[in-house]
Amino acid sequence: MKKFTSVQDVADPKALVDEAIAVKNSEKTSAIGKNKTIGLLFFNSSLRTRMSTQKAAQNLGMEVMILNVNNDGWALEFEEGAVMNGKTVEHIKDAAAVMGLYCDILAIRCFPSLTNKEEDSADKIINQFIQYAKVPVVSLESATRHPLQSLADMITIQEHKTKEKPKVVLTWAPHIKPIPHVVANSFAEWALACEYDLTITHPEGYELSEEFTKGATIEYDQEKALQDADFVYVKNWSSYTDYGKVLPVEEDWMLTNEKLKVSNSAKIMHCLPVRRNVELSDEVLDSENSLVLKQAENRVYAAQTVLKKILETNF
Amino acid sequence: MKKFTSVQDVADPKALVDEAIAVKNSEKTSAIGKNKTIGLLFFNSSLRTRMSTQKAAQNLGMEVMILNVNNDGWALEFEEGAVMNGKTVEHIKDAAAVMGLYCDILAIRCFPSLTNKEEDSADKIINQFIQYAKVPVVSLESATRHPLQSLADMITIQEHKTKEKPKVVLTWAPHIKPIPHVVANSFAEWALACEYDLTITHPEGYELSEEFTKGATIEYDQEKALQDADFVYVKNWSSYTDYGKVLPVEEDWMLTNEKLKVSNSAKIMHCLPVRRNVELSDEVLDSENSLVLKQAENRVYAAQTVLKKILETNF
Amino acid sequence: MKKFTSVQDVADPKALVDEAIAVKNSEKTSAIGKNKTIGLLFFNSSLRTRMSTQKAAQNLGMEVMILNVNNDGWALEFEEGAVMNGKTVEHIKDAAAVMGLYCDILAIRCFPSLTNKEEDSADKIINQFIQYAKVPVVSLESATRHPLQSLADMITIQEHKTKEKPKVVLTWAPHIKPIPHVVANSFAEWALACEYDLTITHPEGYELSEEFTKGATIEYDQEKALQDADFVYVKNWSSYTDYGKVLPVEEDWMLTNEKLKVSNSAKIMHCLPVRRNVELSDEVLDSENSLVLKQAENRVYAAQTVLKKILETNF
Numbered sequence: 001m002k003k004f005t006s007v008q009d010v011a012d013p014k015a016l017v018d019e020a021i022a023v024k025n026s027e028k029t030s031a032i033g034k035n036k037t038i039g040l041l042f043f044n045s046s047l048r049t050r051m052s053t054q055k056a057a058q059n060l061g062m063e064v065m066i067l068n069v070n071n072d073g074w075a076l077e078f079e080e081g082a083v084m085n086g087k088t089v090e091h092i093k094d095a096a097a098v099m100g101l102y103c104d105i106l107a108i109r110c111f112p113s114l115t116n117k118e119e120d121s122a123d124k125i126i127n128q129f130i131q132y133a134k135v136p137v138v139s140l141e142s143a144t145r146h147p148l149q150s151l152a153d154m155i156t157i158q159e160h161k162t163k164e165k166p167k168v169v170l171t172w173a174p175h176i177k178p179i180p181h182v183v184a185n186s187f188a189e190w191a192l193a194c195e196y197d198l199t200i201t202h203p204e205g206y207e208l209s210e211e212f213t214k215g216a217t218i219e220y221d222q223e224k225a226l227q228d229a230d231f232v233y234v235k236n237w238s239s240y241t242d243y244g245k246v247l248p249v250e251e252d253w254m255l256t257n258e259k260l261k262v263s264n265s266a267k268i269m270h271c272l273p274v275r276r277n278v279e280l281s282d283e284v285l286d287s288e289n290s291l292v293l294k295q296a297e298n299r300v301y302a303a304q305t306v307l308k309k310i311l312e313t314n315f
Numbered sequence: 001m002k003k004f005t006s007v008q009d010v011a012d013p014k015a016l017v018d019e020a021i022a023v024k025n026s027e028k029t030s031a032i033g034k035n036k037t038i039g040l041l042f043f044n045s046s047l048r049t050r051m052s053t054q055k056a057a058q059n060l061g062m063e064v065m066i067l068n069v070n071n072d073g074w075a076l077e078f079e080e081g082a083v084m085n086g087k088t089v090e091h092i093k094d095a096a097a098v099m100g101l102y103c104d105i106l107a108i109r110c111f112p113s114l115t116n117k118e119e120d121s122a123d124k125i126i127n128q129f130i131q132y133a134k135v136p137v138v139s140l141e142s143a144t145r146h147p148l149q150s151l152a153d154m155i156t157i158q159e160h161k162t163k164e165k166p167k168v169v170l171t172w173a174p175h176i177k178p179i180p181h182v183v184a185n186s187f188a189e190w191a192l193a194c195e196y197d198l199t200i201t202h203p204e205g206y207e208l209s210e211e212f213t214k215g216a217t218i219e220y221d222q223e224k225a226l227q228d229a230d231f232v233y234v235k236n237w238s239s240y241t242d243y244g245k246v247l248p249v250e251e252d253w254m255l256t257n258e259k260l261k262v263s264n265s266a267k268i269m270h271c272l273p274v275r276r277n278v279e280l281s282d283e284v285l286d287s288e289n290s291l292v293l294k295q296a297e298n299r300v301y302a303a304q305t306v307l308k309k310i311l312e313t314n315f
Numbered sequence: 001m002k003k004f005t006s007v008q009d010v011a012d013p014k015a016l017v018d019e020a021i022a023v024k025n026s027e028k029t030s031a032i033g034k035n036k037t038i039g040l041l042f043f044n045s046s047l048r049t050r051m052s053t054q055k056a057a058q059n060l061g062m063e064v065m066i067l068n069v070n071n072d073g074w075a076l077e078f079e080e081g082a083v084m085n086g087k088t089v090e091h092i093k094d095a096a097a098v099m100g101l102y103c104d105i106l107a108i109r110c111f112p113s114l115t116n117k118e119e120d121s122a123d124k125i126i127n128q129f130i131q132y133a134k135v136p137v138v139s140l141e142s143a144t145r146h147p148l149q150s151l152a153d154m155i156t157i158q159e160h161k162t163k164e165k166p167k168v169v170l171t172w173a174p175h176i177k178p179i180p181h182v183v184a185n186s187f188a189e190w191a192l193a194c195e196y197d198l199t200i201t202h203p204e205g206y207e208l209s210e211e212f213t214k215g216a217t218i219e220y221d222q223e224k225a226l227q228d229a230d231f232v233y234v235k236n237w238s239s240y241t242d243y244g245k246v247l248p249v250e251e252d253w254m255l256t257n258e259k260l261k262v263s264n265s266a267k268i269m270h271c272l273p274v275r276r277n278v279e280l281s282d283e284v285l286d287s288e289n290s291l292v293l294k295q296a297e298n299r300v301y302a303a304q305t306v307l308k309k310i311l312e313t314n315f
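Residue numbers (the UniProt record's numbering), protein chains in the order written: chain D, 1 to 315; chain V, 1 to 315; chain C, 1 to 315.
In isolation and in its complexed conformation, chain D is listed as follows:
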């Protein structure tokens, strides 16, 4: 594996999920990463991703260098050929090349702007790191996807499913501000790659890009979508067609126990952080069917398995 930015970077997604479960259930630490350094670069806030990736790297014996780019480093320029007489202090082509000299692997968090659809879709920051850094690059959530989260989600489903092809429902949930599409995009493409029966439900106007959802059932009626669901993944996202906007929604889309009655005692998933009693109710989150802490725990094994594969195949 040369990079890990989407499910397309993985030859066999199902096998990777199985390998992660094997990592989790066997000896948790190894020395495969000894004398190797990973750089964790944060353009945005992070709690789970930061801690779980650091833990994963340390489990493999790696050294970890963390850079909060905006606070610790320099304002970066992303335009080719720019005359840098403004606020940006360093071009990404120089910064990425240098960091690639100091680190054996780079892992990067870079959210979308939600204001420029084209730029976000091109995933400019992470792709320029891939282009200029010349070391393997891992996405810690980019402008289009959050693949370590999705791999952890797939591990969690694999561990808790009771049938070969469970019904997995991704339901839109309310929020108070514009939220990226990345978790939903990524979850959809991984669930489809793992050949689950995926239904996506959301109000009209909240259609995700077909690039990620092709093969899923789209259902605008939340109640119908939840019917017989085995897993319900709750997530807000802003409009993709009316890019980055929060559109008015009349119905109440917050997930409650009442709504879940039509499901097959569905397991509940969310990537966290979650706005309690806005996206879903306390009663759902704190119920026995909630898998949210299992997902968070599996973030370590997702990261550890990806780093292990990269170490095995690149060094």
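These are calculated hints, taken from the structure and not from any lab test.
Identical chains share a label here; the pair holds if one copy fits it or two copies do between them.
For lysine-lysine, the following PhoX-like pairs were computed, each having C-alpha atoms within a straight-line distance of at most 20 Å:
id, residue 1, residue 2
1, 87, 245
2, 224, 259
3, 165, 214
4, 87, 177
5, 134, 294
Please read these numbers as outputs of a predicted model, since none were measured by experiment.
Given chain D's structure and the hints, the job is docking chains V and C onto it.
What follows is chains V and C alone, placed relative to chain D:
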């Protein structure tokens, strides 16, 4: 030891002091913490606590993950049942539970607000971490106490005392802004637990909560208090009764060599950071009787001993 | 070596360059720093210095503690005898002494103000650390010099020179805001110590302090300076005589391929970060003669060699 938040968490405080001195004087490093991770969570600034705890953990072979919660992570919600449609992004019950999955021990710095007496007294943040994280929790200074500082202070007194039961004086000192009571609270309860002859002196209106001072002599006349003192601990705190306020004080309470003449060549203590020539004079701080750097040095052995006890008894 | 703040701290600069090349070309990691801790203190932003020094320390088996002083710690007081009733919370004499207790080596980045020539020239911050910390101190760029950068630059010249005494030109370049003199100062004193044929070229009014340039040829005509140059080091700095000011410059000083035609196919150097198409053109930076990434890579070996010398001679 399941947690370390106050002297009440310690079965035998005197024995812990002796153990810390033994740690300091024997082989300083060990491998007891190998493959164990400590998370250091800072809701507030820290220099000594941050560096000494990190050093202590590394001396024990632990991996250290540091999170500056306000900058690196998400704004946390602390109210049970909150409808999170405001500024907070994640509930502490979720954040703490997740961090407990990634760390074997959590250590937390969370200052009081000094505006809400009841909330501060309940020590809400650290207690919610204890409730939800399900791993041992160490206070790096909470809303009510600073026990690692106090343990370092007791180590320092033990090392420098020349009689079994020295006279220890905690004297209030001037400051320019409202300061928490935590160091004074904690010092008082540890000095009393170590059975020292403790006198607390401060202007009227600056009485500490009796919860911490029961058994100490309260003396409003600084000169009388300093009479024959073997150790003088200098510290400012804001009013507790008129909660968090800086009350007008007419007399000059800054500690000087002149004032110390009535003492028994008292050793001088302060937890640092100290406002020179406001709380006490340069001449006192830079004198041979000053123990402030010894206290700072002992922060490492205080932290190391507490972590060692937790590692020994929980894993 | 007790400290590393300028070329004067090094007994034999040429031998140190050779030793660094030997470190680079032999086994890159060692255990000489095992159970030793380095504190990296940043009063200012840092990318290359932060990462390369951390990597160097880890290569030597050291533990690394990083403190972003302004965000993580307390506002420091630098005036002797100050009555600290203002914004500063801790005196450097206390902070430095304490950090010296926790760390075996301290490395410090502290930029000049560019507003107070005398204070900057006295290099007050780093010198107070040296005075009070009582452990070896390494400059990560101070108010007057950037010696780890210069050592990396000398390693790079040594690796690429094709004659014993190449012509090395340090050329001023345009910038949009006032920039410190430290890189130019330091490069000049190291190039002279390594006995290179050094020419410095800049517009009138941009003369550097003679303390650093004595022995170099000063040439106000950039074209004449570039004639037959083997290495061209590009760098902006503000005025030293009209301290910290950006003076109007009529000619175009940006380095281009056109201007380099008179050189001896000069190798191009810059410490980064670089403002592309302001200081020098994309075509120069991206050409085969550009050594900027080699310089950045050598930052690791510069730091590693200095830390190794300090570890060998102090512990």
